[in-house]
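There are 4 protein chains.
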Amino acid sequence: MRRITLDQANQIIVAAFAKGAELNLKPLSVAVLDAGGHLLAFQRQDGASTLRAAIATGKAAGALALGISSRRIGEMAAERPSFIASLGPISPHGIVPAAGGVIVAGDDGAPIGAVGITGDTSDNDELCALAGIAAAGLTPQN
Amino acid sequence: MRRITLDQANQIIVAAFAKGAELNLKPLSVAVLDAGGHLLAFQRQDGASTLRAAIATGKAAGALALGISSRRIGEMAAERPSFIASLGPISPHGIVPAAGGVIVAGDDGAPIGAVGITGDTSDNDELCALAGIAAAGLTPQN
Amino acid sequence: MRRITLDQANQIIVAAFAKGAELNLKPLSVAVLDAGGHLLAFQRQDGASTLRAAIATGKAAGALALGISSRRIGEMAAERPSFIASLGPISPHGIVPAAGGVIVAGDDGAPIGAVGITGDTSDNDELCALAGIAAAGLTPQN
Amino acid sequence: MRRITLDQANQIIVAAFAKGAELNLKPLSVAVLDAGGHLLAFQRQDGASTLRAAIATGKAAGALALGISSRRIGEMAAERPSFIASLGPISPHGIVPAAGGVIVAGDDGAPIGAVGITGDTSDNDELCALAGIAAAGLTPQN
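Chains as they are written, first to last, in the numbering used here: chain Y, 1 to 142; chain E, 1 to 142; chain D, 1 to 142; chain G, 1 to 142.
These are computed hints drawn from the structure, not numbers from a lab.
Mixed in with the good hints there might be a few duds.
Copies of one chain are not kept apart here, so a pair can be met inside one copy or by any two copies together.
[What the hints assert, rightly or not] Each computed SDA-like pair below joins lysine to any residue, with the alpha-carbon atoms no more than 25 Å apart: (1) K26 to R2; (2) K26 to D46; (3) K26 to M1; (4) K26 to G74; (5) K26 to P140; (6) K26 to A135; (7) K26 to S122; (8) K26 to Q11; (9) K26 to R72; (10) K26 to A85; (11) K26 to T50; (12) K26 to G67; (13) K26 to G94; (14) K26 to R71.
Here chain Y stands alone, though its shape is the one from the complex (with noise of 0.2 Å):
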């Protein structure tokens, strides 16, 4: 596995919007890139506001910026604030750090894209992200 196909990046999404439908979630947005950090696929439920492009693809962005998911970005946040406040300006897409960015590891271990959702609390959109990567037979990053 080199990188995520088109038809991995739409199974991505199907079964994250599966997973928000079982969880009852409110209208989800989700992003797939590739590990430069370069959209493959987006989509965005009805109902959703403007930014949700942005939000999922500054989640997913993030953590192949930093090499680490956007829920450890958020811890990192608490903790140093001005640091990652820092990062957003020189990063191209932002760096948002709230739960919902995961990096997709490779056969080699190394990132092959990462997924962005945003739309619901943190916490489900992360696990709508878990859902999408298993569905599409890819592996999270630890």
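Based on the hints, put chains E, D and G in the right spot on chain Y.
Positioned in the frame of chain Y, the structure of chains E, D and G alone reads:
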């Protein structure tokens, strides 16, 4: 018809890709935006280069920004290059002056969104955008 | 070959500088980027002016953004100046339309990175990029 | 000593990596800037994440921007977070308020450049910067 639903956005993308396959085009990237220029759905076919999300979005957002197709923006750019160039830095997603960005009109004629496609020639990109809009039962702005 | 290692990036730079010395060129600046357009290594020879990191990066990043060499982007810019100019503001490192930015292809033909050189004529810059890529045992994209 | 040569910049990077290996640190990224904040040399070790060039540069450029080390900028950020946060968007390479960015002083005490390192803890990043500067026969600004 007052807005593009996610189902319609996905139909647009599927039909645009089908048109691309029928015409044997290069890998395409398709963005569907709401009336405010915010992304509803996006897909990038395998093998497309990294800036394609930005280019597809920039065609569609530029069309909405000026109220005309990106083909007509391209014609304006030929006549008034400095004017069109000046708009890129002040438009959130840029203004890409090449065919392939088409406004979708609602039943009262006002824009309800736009489609932007990049990957092949601009003329072919636009053909696929029009095919996608028609397949979703929607109407391009004249 | 799935990615450019730091050792290979350094080999590219050393060999590019050797080619520049052999041809008695002006001070060169060489950037090596990964497939996502993120810097792996950079060196600027003594006497080069201040924007050289940005220019070298902009040639390489532009090539990856569009999937073609910066020489071909320069040719596109001659035919479609407004289109190429519109991409600068929406590309994280800009798009520099002049020879000297060359994509490196992996064993499956997909990009694994790019080299960008500036300092002498664009033709000479490109010669040095190709020399560097060959010296590292890598393959430029046709 | 009026400026950092490319040879010295490369020595700084090699010695910083040696210090990182000695201390068994995570993959490091090292940027060396001239007095104007423009990149002279950069290397990112294999396995480092994508934003590392920007972070290393942002530590070094921030130090030069304010005339103090990025460690002291971090201390200022703890006391005056809004002030430091306001500088990021108006600084070409941002201001990263965490240890690891060290100014190099010339023989008259004025800055001749700066080193920025990221990858491990900020304290370790700074240790490697100081080791690199010393190995090149240069002097950190007190």
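Hints, verified against the model:
Proximity of K26 to R2 under the C-alpha cut-off of 25 Å is restricted to the inter-copy arrangement: shortest distance 22 Å between copies versus 33 Å within a copy. Taking the closest pair of Cα atoms, K26 and D46 come within 25 Å of each other only inside a single copy of the chain (10 Å); across copies the shortest separation is 31 Å, beyond that limit. Taking the shortest alpha-carbon separations for K26 and M1, only the inter-copy value of 23 Å comes in at or below 25 Å, while the best intra-copy value is 32 Å. For the homomeric pair K26 and G74, the shortest alpha-carbon distances inside one copy (21 Å) and between copies (21 Å) are both at most 25 Å.
Taking the closest pair of Cα atoms, K26 and P140 come within 25 Å of each other both inside a single copy (24 Å) and across two copies (21 Å). Taking CA atoms no more than 25 Å apart as the test, K26 paired with A135 passes inside one copy only; the shortest distance there is 21 Å, against 29 Å between copies. In this assembly of identical chains, K26 and S122 lie within 25 Å of each other by CA distance solely inside one copy; the values are 12 Å within and 29 Å between copies. Taking CA atoms no more than 25 Å apart as the test, K26 paired with Q11 passes in both settings, with 20 Å inside one copy and 23 Å between copies.
In this assembly of identical chains, K26 and R72 lie within 25 Å of each other by CA distance both inside one copy and across copies; the values are 23 Å within and 17 Å between. For the homomeric pair K26 and A85, the shortest alpha-carbon distance between copies (23 Å) is at most 25 Å, but the shortest distance inside one copy (27 Å) is not. Taking the closest pair of Cα atoms, K26 and T50 come within 25 Å of each other only inside a single copy of the chain (14 Å); across copies the shortest separation is 28 Å, beyond that limit. Taking the shortest alpha-carbon separations for K26 and G67, only the inter-copy value of 12 Å comes in at or below 25 Å, while the best intra-copy value is 28 Å.
Taking the shortest alpha-carbon separations for K26 and G94, both the intra-copy value of 24 Å and the inter-copy value of 24 Å come in at or below 25 Å. For the homomeric pair K26 and R71, the shortest alpha-carbon distances inside one copy (20 Å) and between copies (21 Å) are both at most 25 Å.
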